[in-house]
Amino acid sequence: MSSAISSYPVLTDQLRSRFRFSILEDYSFGYVRDDDEHELVPEELGAGTINHRLVDTNGDWDPDRDCLFVRRRFEIQNASCLFGPDGIACSNAEIGVAVIWTSADSKQRGTVELDGLKKSDAPCRMSLAYSFRTAQLRGMVEFSTVMYIREAGIPQPSERFLAYKRGMLLGEIDRYQIQLDGSGSVFPIYEVEEPDQPLWYVRCDWDDPTYDLFSETVAINLNKAHRNYRYIDRNSKTYDHQLLNEIIAAAISVIISKLKSQGSYWDSTVSGTDIQPGSVSQAVNYFISTLGWDVSAPETMAISIRKFMDGKVMK
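Counting in the numbering used here, the sequence shown runs from 1442 upward without gaps.
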């Protein structure tokens, strides 16, 4: 949430403790293929953080091909403390609860309205169940659960300083971030159209790989203007998924090799110490520690990456 000063009372830590927000079922994610649901496991990118990487244990999910659904259930046990002069809305108002999702990499943002709260409401249970379109999200996605004025009501004289217009944001309950897994996000692949460039090339623009975000400083660019692009175009009859696998494997080798050549950062990358969530070093550490890639020598690294790519369905 923004740290800007509000002209009306908003959620505080004291109020959060009083309305007693309780998670019944934490965030869960998955996708549907052939009418079957498949779970995506959120793994923390650091103990106690709000950041999580979505992992498909089957190694099969691709956000450019499959939809993504998200679910969550929670309860607000004491809504009455949110109303009146000591709260954030007038006594006869209605407070709405919504989830604002933001995907900076895909330049998209949206709101999922859940339910409303009134002063007389006893424990109120709410459910989030939402499906995103195929290829709608990329990279880091943030979910912020917020309260807002759903119906303003008529303020009493002692409540005139409270938020009074429909839609006014009252504050954030909590937030949750995910880093999408799959061929389009663990490997940040972008399409470009550059007639004078090769079929593919890698961009590595980090200054400090232990801090700079992987999704913002690394890119595998596939050139739509190249005469052979039809072989890596999923919509083409001549599409060759093995060729695309080889390109990604070679590109990842370049990225890891460049980081490895920066000796001052390599030790932190391998050990996982003093690295920021979502950074270049964190991503490479994930390849090594979680995926088990052997990067000790160029030849073993090439084998490890290709074995992994062979297990992914890119069709």
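Misleading hints may appear alongside valid ones.
Said to hold, decoys possible - In silico BS3-like pairs for lysine-lysine, Cα to Cα no more than 30 Å straight-line:
id, residue 1, residue 2
1, K1678, K1665
2, K1559, K1606
3, K1665, K1606
It should be emphasised that the hints constitute simulated quantities derived from the structure, not laboratory data.
Hint by hint, work out which the structure violates, then give me just those numbers in ascending order.
3
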